[in-house]
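Build the full structure now, drawing on both the sequences and the hints.
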Amino acid sequence: MRRPSSSMLMTAGLFSLPLGWALLLLIVPYILMIAVGFWTRQFPLFVPDFQFGNYLQLFSDPQYTTVILRTLKIAAMVTGCALILGYPLAYFLVFTIRSDKLRNLVYMAVIVPLWVSYLLRAYTWKIILGTDGALNSALMSLGLIDAPLDAFLYNQTAMVITLTYIFVPFMVMPIYAVLENIPKGLIEASEDLGIGPLGTFRHVIAPLSLGGVVAGAMMTFCLSFGDFVAPVLVGGPDGTMVANLLQTQFGAALNWPLGSALATLVLIMVLAILAVTGWAERASARNLR
Amino acid sequence: MKQLLWWQKGMVGFVFGVLAFLYLPIVVLIVFSFNDSKVTSFPLAGFTWHWYQAVFANAQMLTALKNSLIVAVCATGLTLTIGTLAALVLDRHDFPGKGLFRNAILLPLSLPGLVTGIAMLNFYKQIGIPQSLTAVVIGHATALLGVVVSQVMARLAKTDHRLLEASADLGAGPVETFFRVTLPSIRPAILGAGLLSFTLSFDEIPVTYFLTGRDITLPIYIYSTLRRGITPEINAIGSMIVLVSLLLIVLSVGLLRDRK
Amino acid sequence: MSSRPIVTLDGVTKSFGSFKALHETSFSIGEGEFVTLLGPSGCGKTTTLRLIGGFELPTTGKIGIAGQDVTHNPPYRRPVNTVFQDYALFPHMTVAENVAYGLTVRGSTVARSDIPRQVGEVLEMVGLSHMGGKRPGALSGGQKQRVAMARALIRKPRVLLLDEPLSALDVKLREVMQVELKRLHRELGITFLMVTHDQTEALALSNRIVVMEAGRIRQIGTPNDLYDRPATPYVADFIGATNLIEARYEGREAGFEVITLPGGAKLRRKASGNGFHPGSEVLIGIRPEHLSPAVGDNLVQGRVVDTLFHGDSIRLEFLPDGATQPAFAQLARGSSLSADALMPGQPIRFAVAPEDVMLFPKVAA
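Chains as they are written, first to last, in numbering that gives the first Met the number 0: chain A, 0 to 288; chain B, 0 to 259; chain C, 0 to 364.
Only true hints are included.
Facing chain C, from chain B, some residues (calculated, C-beta under 8 Å): (1) D159; (2) R161; (3) L162; (4) A167; (5) G170; (6) A171; (7) E175; (8) P183; (9) S184.
None of these hints come from the bench; they were simulated from the model. C-beta: ideal position from N, C-alpha, C; glycine also.
And the structure:
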């Protein structure tokens, strides 16, 4: 019924630009990466193929399985630490602070570090931890210890601390958002029914904030799983993570098919996590309706 | 504020602890940028501007800084243009594969940057885009689309559709309606997304790492320097970046507040 | 219709997918009329208004405005303007900028230098001369309503379309704005087409009312027509309220039509010439305000179910003898009935004048 006009054609052209861009420069590259994961390496070239050798290698060679398991472990530890720090913080912001102004200010203070260079925030821990770093030297000059503790730098603890530091705001944000959306009337109703703060938390707040916890946890997990700066800066020899492995495959080891297969595994894991998160968030939103 | 219970007092302490955890490292960075010593340990050795002077004498670092700024500006401009268009398309039109497009555009936000970088590297190699700052700009602009699309779409969803009808009713054609009604209502989102994209692009490592060629950006420069060890120059340039970031935040908060 | 038509709909239909929002509809509106589209939500009234405004295109049929076929014209090429439900004021512009918008668009023939004067005039007309510098966010509901009117009127539309213009206001303000709307219509002399679900609003304001239901027009007429001579039980119940009682038509008798109520009592009705055969099943309609507790000989009898105090009146719910559905009567507060007589279960009877009994076929049209 509508007659196509020149302006409509222009609109169509204008609107196909972003779609074309995303298709060509985003979707096709991801698909290609998945495809390359099935290719074969014939040093120094890679030839198109369809075989599962790369995946087989990733799952059987202990060199790779160790790293994958370690990365999962560290990402899980970071997620746990971030939750322990982030949840009470978000709870305090929403339920204890009564002034809107103060609440926004403290919330901003938690979020602002995200705007400060990620690399620099990882780097500061290299200065702080370590044999002659700020922490050890401060403790020594205060006379609390006699010799530097090397408990901190170049090990997994240092990585967990650093990654938690970097990603804790990602945990706070979604939890804060869901807590803020819980109608205050529900809490008053619970207290009115004679349930104390702890019971109210267990029966009302915790179930209703689960969606935010899941979202924050998944975000933190994905981000720390894929991080490759912290391992290099504070990780040390047993700190190699999946990201470093990937880097090697595309660098020194020059095995793009294997690297692509590993990257595809990460992609699948993230997609699965996103699906779970999406489901949890929808379920939580349904609860609040 | 009303009297706090004991556990609430405990939580106040806890919150101060977390905030200290978040900010002390940044303070340490700034303190050591003025410390007159090659090692970053206490006690402090005295005040110096030396490391800042060293930054401005370090041609390599300055070139990297310039490259970073160019990349961030170009990538931000590109991603804002394409991302805003994409958000408008996704908001207004239904077409097959719409969900796939939206999810693909948002994917780089949660996917480790490394994976996106690898995907792009594979693809650029196949179609013959050489590793260069241009490749980095295209890569950043593409990876950051999600930032722009999510923010602008959220804003569009809040925009009353009737405003567009009112504009048409009062005699404005689609283009005029876009510039006089749609654009003003999504301007804060575009501004916010622009600032965020700039910051992220300026700071980006994983995608840049794979796509850049001989010309390197500041984060890559710092990253490769750090692998060799600490130099206090990095504290100095780092402190300057922190300062600029904080200024940008104050600026953006102020800008967004005035718009309300 | 006394004047020449300014809006004509000719065989217009509108479907959204498989849903038919508007069945084939034809009607016209005369120049200078105040016409209301009245019906419950989902009846197609808003769709009709949006078709005339150009926000939807008809699936079939033609729409003409001021002698021009505008069926396929976008909103910005139609000589009509709309006052939107919830006003749709541009939040990023001041009141004056909102009002001036329609004069500053491309293609406007008004000279830039003349715009402030016109804005001032139209703001004064709606009583907001001092508000030009404010943002819509700082206005009350009634003020927003006035700005929306001013913004639409400054374009000097041939027809002003009003989509539920008063629905967001509280009762008191709504009455004030009704008077205001009537005044503006009188002073401007242009055509008003309003959509509402509120029958009192429609009765108070319109020259003519178009009653719609389920995507179809049920009746078009003046408020008096619709109130006195509703075409269907639906219209009878929607315009004002009507008690509908199933009954049997007996035939004519001395200038009256005689109907047997379910309880066996006979009711007389002023003969109007209908096509019913004696013995056919019918519905009779009696408005609550036409039931009087005074004793007479044309009676509806039943038992009290409940009473509701309405301030100036009492609403009495009763079950007519033999009926399955309760009926209502409206009693003046000082009515002669004692409190005892209004106790639930008490027998009660009402007289009704023969000219106040409406008669409909039993199967709703």
